[in-house]
Amino acid sequence: MSAAKAIRAGFRGWLRRHAYSLLSSIGALVRSPVASGMTIGVLAIALSLPLGLYTALANLSAMNTDLERLESISVFLDAELDEDRARRLASSLSTSPDVLTVDPISPEAGMRELAGATGLDDLELGEVPLPWVLEVTPAREGDVGGLAGRLRALDGIDQVIVDLGWLRRLEALLGVFARLVELVAVLFGLAVLFVIANTIRAEIQSRHEEIEVMALVGATPAWIRRPFLYAGFWLGLFGGLGAWLLVRLGLWLLAGPVRDLGASYGTPASLQAPPAELIAALIIGSGLLGIAGAAVAVSRQLHRINP
Amino acid sequence: MIVFEHVAKRYAGGVQALADVNFRLEPGEMAFLTGHSGAGKSTLLRLIALLERPSRGQVLFEGRNVGRLSRRQIPMLRRRVGVIFQDHKLLTDRTVFDNVALPLHIAGLSFGEIKRRVGAALDQVGLRDKSGMPVPVLSGGEQQRVGIARAIVAKPPLLLADEPTGNLDPALSEELMRLFCTLNELGTTVLIATHDLYLVRQLGRRTLVLDHGRMVDDTVPVPPGSTGPEVLR
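Protein sequences appear in the order of chains A and B. Following the numbering used here, the numbering of the first sequence begins with 1 at its first residue and continues without gaps. Following the numbering used here, the numbering of the second sequence begins with 1 at its first residue and continues without gaps.
Chain B on its own, in the form it takes in the complex (with noise of 0.2 Å):
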């Protein structure tokens, strides 16, 4: 689904924000992303959002070459890659059903077909009562489950999620998580960044660990209760 092969990334002013990374994450998998605060966690899933190009190597998504694709292009990529960020990124002087539905109205389709899949969405996220709310009057916890319904509503193949638990307190994280395990059992590939240690302790996924840019660990934590760490590399 993802591959990163040598890529680095350096913005302008001299910061290097990733230096030779590799991965792979193949489709149907769910890993987490983690690293203390400018390691690059960011800078990575933007580079497979093409929210921006890589200086050097390359990143392939369904075996494109992201970095590559032109400006034109761009739209189509971003449809297959569902986006949950940090900030949520809402439309603040839109209702709830507005925001979600909007990955919809961009591809065009009737609005019988966006009611129903905009109402799925919010099921899954438990938000259905707040459809016709506007943002603004909802939680931070809501509001980030409104991003991932506006995120899975056109079901794209790959979940990219920024610090989504980032402001939650401890019990609304680990009900997002569960959500994201769901979906991903239910064939979406979920790349994950946080800091949330002890969340992704708990689940037992993969591991991408990301130091001053550099990929310097990628494991499977074993869950409390079980021995030792089982190195994939």
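Same shape as in the complex, but just chain A (with noise of 0.2 Å):
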């Protein structure tokens, strides 16, 4: 035989020794269904939880996009300044790159806005003289800050107002939830590591007697690792696939109420679903996570067969 054809035999050897191990390990998990069952069922949770806290924070932090666009300066002119100069100051300003939009407020509107909000009519209000107003509303990802500085500096204008706190607070807020969902995932990552070892450890241990017979009649521990291996990477991935569904679950149970929301306060509002890459990433480093786990198990238990 040559040696390339010895090599492709050799290779033939190996994938069927491959495909052996990976039915095999189908055919154990397929075997205990309840138990196989269960154990996904806590894998699955397990897994949820990150994703589920993942695809909250990615829905809030877009909210909060959406609200920054929302956001603007009221810029108060001087009083003395009339309707012909506001407004050729808001046409200039609206063609600054960071301002999206200019609304002038005059005097009178302006009143009428205060009157409604307090509940006082024009008479006890009486001669308070209101300036024009200019509601600037800042380019999407412009600088804010930066923005209202500029204003203050402006010929004619007396005050600028931004009430960035709230802003910068619910940022700051999304910012700790964002950490707290990196430690929860680590956290469940192990505890998914862990449970897969134990699982694996538990079916080692009830499966001693095949393993004995595996390595009396010549096989290696490469070998009878193996099906071990592909077992864990099997519950991982089924894991993986059960948060996902989970989480999708959750998406489904929450659309309703959220359109609910988004319509009481005017705009359509709806979840969106963690993306493809991250789905592909938490299933299959779920399958790797499953394949360490079951590696643990099994160095332990080969060392005590072969003297």
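Keep in mind that a hint or two might mislead.
[As the list claims (entries may be wrong)] Straight-line C-alpha distance at most 30 Å; calculated DSBU-like pairs for lysine-lysine:
{"id": "1", "chain 1": "B", "residue 1": "Lys130", "chain 2": "B", "residue 2": "Lys155"}
{"id": "2", "chain 1": "B", "residue 1": "Lys130", "chain 2": "B", "residue 2": "Lys115"}
{"id": "3", "chain 1": "B", "residue 1": "Lys130", "chain 2": "B", "residue 2": "Lys89"}
{"id": "4", "chain 1": "B", "residue 1": "Lys115", "chain 2": "B", "residue 2": "Lys155"}
{"id": "5", "chain 1": "B", "residue 1": "Lys155", "chain 2": "A", "residue 2": "Lys5"}
{"id": "6", "chain 1": "A", "residue 1": "Lys5", "chain 2": "B", "residue 2": "Lys115"}
The set of hints was computed from the structure by calculation and includes no laboratory data.
With the hints as a guide, dock the two chains, each given alone in a separate frame, to form the complex.
Set out below in structure tokens:
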């Protein structure tokens, strides 16, 4: 037999051995459906927590960006500025790249708003002189603080009011939340590792006779290890899939209430599912975690068979 | 095929299972290993298949010192030694076919080849029609034969059997022994540990006798009808 032929034959043997381990590992899972199902359920729930939190965080961040866009700067002009100058200032401001829209509000309109908001009528408010006000909506990715500073420096401007405090607080809160998601992801990743390692350990114990028999008829440690590694992979993989389904289910259950919530604010609202790459990474990653957990458990047991 | 040179085995706890055992088994030979229970028969077999390592002396298999083999080399040794256990050591959740096929799956043979060889091995032990059955529904004798089929399916040059007739009735025992003789005639070296002295005497093959871990006799008993034992050593 030529060298190339020998290599091909060796590769075919390797493939067959892997196919056998792959199939026998699925067979072992299917033979005990309740136990496998419960383990996969635990894994799915453990993995759904970080994924669910991440999804919630992603949706809140998206909402935050929307809120930022709605944020506006109130520019109070000097009281002596007339309508003509106010409108000219407004149109010149609206050409600035970091400004999305400028909405001039006349003293009369301001008065009506004030009366509506306070419940006092024009008479009671009397002759309080209201200035022209420009409601400036910053461009989406603009620096709101910088824009406000520049506005303050302009001629004919009395006061610039930006209330970014609550937005900053929300952002900081989201930052805390994001770190929390990372922590939870690490913790539950470890939990998955331990659950799979422990499941495989129990599996090895219940099958120690089989392992002994295999060793007795000349199986290499790699051969004995392989079905357990595959089993760990399947557990992790199905656990990841289950977590994805749970999150999908959660999104579906929340869709109605969220739509109602959006409707009450007059904006269409919907929840975004996590991106496909993240799902793929989760499922494959949990499969790999499964292999790692199984490897830990198997190597501890194998040393006892071969003296 | 097998050479024992001053082999001793002492287990943790101080039990001396074997002490200064010396013998040779030539390729193609068939021999029995007898002795009282606890004489060290199983230990001797376990040393050959490297289920244990000797405490002293050396065990040679095909010219190589078995006790010196590294862990990585153990599987290759075991593939050249078919072992039949008294308690069968079958996988009870699999079919007869799957049990017999196990050594061939481990060797990475193609499914067609495995099917052909398992069929041939089951033919030899007369179990071809039980191929698809789960192991637990078989009788003790049938399970023992499944174990034999598994031991011979990969055609190892050496066959070790530990009390293969332990729980079988005399007729089945004789049938099994005849099977071992046939395998031996086909070229396999066979070493059988048994305390069934009646059968050993009947077959008139070389017999090694262990007593408290020492090899006390190495004879060829004369089958009924001839006169006087012939001492080899």
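The hints, checked one at a time:
no.: 1; hint: B/Lys130 - B/Lys155; result: holds, 21 Å
no.: 2; hint: B/Lys130 - B/Lys115; result: holds, 14 Å
no.: 3; hint: B/Lys130 - B/Lys89; result: holds, 18 Å
no.: 4; hint: B/Lys115 - B/Lys155; result: holds, 15 Å
no.: 5; hint: B/Lys155 - A/Lys5; result: holds, 24 Å
no.: 6; hint: A/Lys5 - B/Lys115; result: holds, 23 Å
Violated hints: none; the structure is consistent with every hint.
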